[in-house]
Amino acid sequence: DAKTTQPNSMESNEEEPVHLPCNHSTISGTDYIHWYRQLPSQGPEYVIHGLTSNVNNRMASLAIAEDRKSSTLILHRATLRDAAVYYCILREKQIGTGANSKLTFGKGITLSVRP
Amino acid sequence: NAGVTQTPKFRILKIGQSMTLQCTQDMNHNYMYWYRQDPGMGLKLIYYSVGAGITDKGEVPNGYNVSRSTTEDFPLRLELAAPSQTSVYFCASSYNYGYTFGSGTRLTVV
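Protein chains in written order, with the working numbering: chain B, 1 to 115; chain D, 1001 to 1110.
These are computed hints drawn from the structure, not numbers from a lab. Just so you know, not all the hints are guaranteed correct.
[Unchecked claim] Here are the simulated BS3-like cross-link-like pairs (lysine-lysine), alpha carbons at most 27 Å apart as the crow flies:
#, chain 1, residue 1, chain 2, residue 2
1, B, K102, D, K1057
2, D, K1009, B, K102
3, B, K93, D, K1044
4, B, K93, B, K107
5, D, K1057, B, K93
6, B, K3, D, K1044
[To be verified] Chain B regions said to be covered by chain D (calculated; three or more residues, Cβ under 8 Å):
#, segment
7, 44-55
8, 102-108
Glycine is no exception: its CB is placed at the ideal position from the N, C-alpha and C atoms.
Looking at chain D on its own, in the form it has when it is part of the complex:
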């Protein structure tokens, strides 16, 4: 099993550009999450999903959008990139008690 796969691993965006961070899991987990982690800080929840077709906002959703058309995929969309969105983004999935995290996407907005 690959677990949770995130692409790309690194990306530099210019202010105002848009991009989609991809997240795929092969464990048939219902729950999926997007977190961001700023330097020296803990993770903050952006959006989450409890199943295909169901998404909800987390702690810091502004500037982001998500969709969940399949159990496997949970992409995160940045429409108008801003310097404040420079961060490391982690996708995770869970079935019961334990989360499985991806290796992260390091995004820099200049």
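The shape of chain B in the complex, shown without the other chains:
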């Protein structure tokens, strides 16, 4: 599986935007970029995913570099509830039975939000 590189931690202030970077220099053409987050004492939850174009949803935005070797998860206005571990994951496009649909988690980036 292609790997991603994220900083260990980041701090932000409440109500300010947060940009979480992710490097994936060995990404292949069929890899989707997925982001999950894990709040304290909870299971991970899906945040957003994309292939080539920037993506927006109610939780966040995903900005993907033109060469796809890096991406940035953008939280437009951080709240205390956004303090979590954020995982950037590459996932192969599902083909056939989906045997290649597994997610491989790294250590992620720990986001702290200051009031």
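Given chain B's structure and the hints, the job is docking chain D onto it.
Then chain D, alone, in the frame of chain B:
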């Protein structure tokens, strides 16, 4: 919808005991997964299933067994518990692009 339900939430086992971690989903997802998460680490895949009757090993399958007799249920069995299996266990299911995770089972083996 309840989503993915895991039971129990907490359990303490003695070395050599066995137990089954239960996982049920009500979203009719074909794909289901078991992960474990050790303190300060990311999740590691134990076993997964792409549909009823089909299971396969993940990254760390030793010491565990699974079965998938129905779409809804994907139990994880520990036969001879060892201290190295102390961890938080997460079950997940997926249909297409997003995984839905359960709230986890915190297992301690003493």
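### Structure versus earlier hints, numbers of those that do not hold, lowest first
none
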